[in-house]
Amino acid sequence: MRRLHMTVNGEPVRAEIEARTSLADFLRDSRLLTGTHIGCEHGVCGACTLLMDGEPVRSCITLAAAADGREIRTIEGYEGDVVMDVIRQCFSECHALQCGFCTPGMLATAYDIVTRLPHADRSRIRVELSGNLCRCTGYLGIINAIEIALRRVHGRPAAAGATRSVA
Amino acid sequence: MKPTSFEYERPDSLDAAMRLLGDNPGAKLIAGGQSLGPMLNLRLATPSLLIDISRLEELRERAAHDGYVVLGAGVRHAEFEDGRVPAVLNGFFERAARQIAYRAVRNRGTIGGSLAHADPAADWPAIMIALAAEVEARSVRGSRRIPAADLPNQALETCLEVDEIITSVRVARCGEGARVGYYRLSAQPGDFAEALAVIVHDPQRGYTQAVLSGARQPPQRLGQTARAVAAHCSGNGKADLPAAVEADLTAISGTHDLTSYEWKVRRASVLRAAQEVCV
Numbered sequence: 728m729r730r731l732h733m734t735v736n737g738e739p740v741r742a743e744i745e746a747r748t749s750l751a752d753f754l755r756d757s758r759l760l761t762g763t764h765i766g767c768e769h770g771v772c773g774a775c776t777l778l779m780d781g782e783p784v785r786s787c788i789t790l791a792a793a794a795d796g797r798e799i800r801t802i803e804g805y806e807g808d809v810v811m812d813v814i815r816q817c818f819s820e821c822h823a824l825q826c827g828f829c830t831p832g833m834l835a836t837a838y839d840i841v842t843r844l845p846h847a848d849r850s851r852i853r854v855e856l857s858g859n860l861c862r863c864t865g866y867l868g869i870i871n872a873i874e875i876a877l878r879r880v881h882g883r884p885a886a887a888g889a890t891r892s893v894a
Numbered sequence: 298m299k300p301t302s303f304e305y306e307r308p309d310s311l312d313a314a315m316r317l318l319g320d321n322p323g324a325k326l327i328a329g330g331q332s333l334g335p336m337l338n339l340r341l342a343t344p345s346l347l348i349d350i351s352r353l354e355e356l357r358e359r360a361a362h363d364g365y366v367v368l369g370a371g372v373r374h375a376e377f378e379d380g381r382v383p384a385v386l387n388g389f390f391e392r393a394a395r396q397i398a399y400r401a402v403r404n405r406g407t408i409g410g411s412l413a414h415a416d417p418a419a420d421w422p423a424i425m426i427a428l429a430a431e432v433e434a435r436s437v438r439g440s441r442r443i444p445a446a447d448l449p450n451q452a453l454e455t456c457l458e459v460d461e462i463i464t465s466v467r468v469a470r471c472g473e474g475a476r477v478g479y480y481r482l483s484a485q486p487g488d489f490a491e492a493l494a495v496i497v498h499d500p501q502r503g504y505t506q507a508v509l510s511g512a513r514q515p516p517q518r519l520g521q522t523a524r525a526v527a528a529h530c531s532g533n534g535k536a537d538l539p540a541a542v543e544a545d546l547t548a549i550s551g552t553h554d555l556t557s558y559e560w561k562v563r564r565a566s567v568l569r570a571a572q573e574v575c576v
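Note that the protein sequences, when read in sequence, are chains A and B.
When we follow this note's numbering, the leftmost residue of the first sequence carries the number 728, and every step to the right adds one.
When we follow this note's numbering, the leftmost residue of the second sequence carries the number 298, and every step to the right adds one.
Bear in mind the hints are in silico, worked out from the structure with no lab data behind them.
Think of the CB as a built atom: it goes at the ideal place given N, C-alpha and C, for glycine as much as any other residue.
Mixed in with the good hints there might be a few duds.
If the Cβ cut is set under 8 Å, some of the chain B residues that face chain A in the computed set are [to be verified]: (1) G334; (2) A401; (3) N404; (4) A484; (5) P486; (6) F489.
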């Protein structure tokens, strides 16, 4: 067993874990933060994406032990975050989710796009989203939502046709 | 799936890491874990001990010297993408790194890990061979510099000894007027490359190199292609580029099957990289 000390959603966490425990399993099983979803478990589907020290990472292929001392932000940890509030509102308006399984990972990636790439256009948004799989929406709603969120967060007016449902 | 049980150590110095690795033949190094992580989960890798070297300051070097740069093995793909490393060829690191997997992977994966893993479809091995980089490997027995082209033995296997750690990569800086051709063919952004062609032409140093790698193709240098590109760029007669590319492809694949998908993908990738250089 290994001792672990990290910050999860602003709260200090101490625990003892098996070395082989993934960050995703630790958060879900030990912290009961089940908003982090586990899909493929080998870093391909993006469902488990969360923020570690403010950067999106795959929590299914990041060992909990490797996150020792780090700051973790899961989907449960955006209370009062005005940027995430805007992104969530846009996801709702644009029907950017259906079953919701991919949504926590999508929102973590969307948060990274909106904060890191303020000038991302549709084609850049698509490329940046390529590491997150969604089997319901066909992605258009998600791309629309992020495009609108970028404009709202960075104070730009909506361009004509910005919400049209074409690729 | 979940990994089998293993021990985990995170030594606080390179010396300690080298001692641990030397003393534990069943150990594996882990940095970003973006290739090893999936292999552990799928139980394709079952080490007795993981030695986490991701926080070693000794592996974080990013130094520009006269004529070359030294990049620590622990520098992550995202740092290349964001231009947080000294350049060797204007904008090339940014452009190449941006096409490696996804941002969430690039935030963790390191150049040293990519070179040590030696996946034929990975990006850094081919790029570093095209740049004639040298890889520094250290162990308790000492250190040595390995030309990037000599590092991979075959797919997923390098010439590193079991106790050696890649500590840095040394890359010559290209001169004024140097050009790069880069073509990466994958089914969708972020996928492993089906074919990856890199051509570097630096007239100031009189250096030209062409490298092809891909899913079923460990990185190979394409000598005739490089000579044809150099001849074309210097205006020394007309080079028959497609013929040179086909001769190289025949030599490395041992066949000349013009109808196969792989042949077409490789030929097209090399030619597109070459066209970018030969404008």
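Have a go at the F489/B hint: is there a Cβ in chain A nearer than 8 Å to its own Cβ? violated, 11 Å
Do the numbers back the hint for G334/B, that is, is its least Cβ distance to chain A under 8 Å? The hint holds - G334/B has a Cβ within 8 Å of chain A, the shortest such distance being about 3 Å.
Are A484/B and chain A close enough, Cβ to Cβ, to be under 8 Å, as the hint says? violated, 11 Å
Status of the hint placing N404/B at chain A (closest C-beta pair under 8 Å): holds, 4 Å
Given P486/B as an interface hint, is the shortest Cβ-Cβ distance to chain A below 8 Å? P486/B check passes; min Cβ-Cβ to chain A is 4 Å, inside 8 Å.
Satisfaction of the A401/B interface hint, Cβ to chain A closer than 8 Å: holds, 4 Å
Hint compliance for this structure: hints 4 and 6 are broken, all remaining hints hold.
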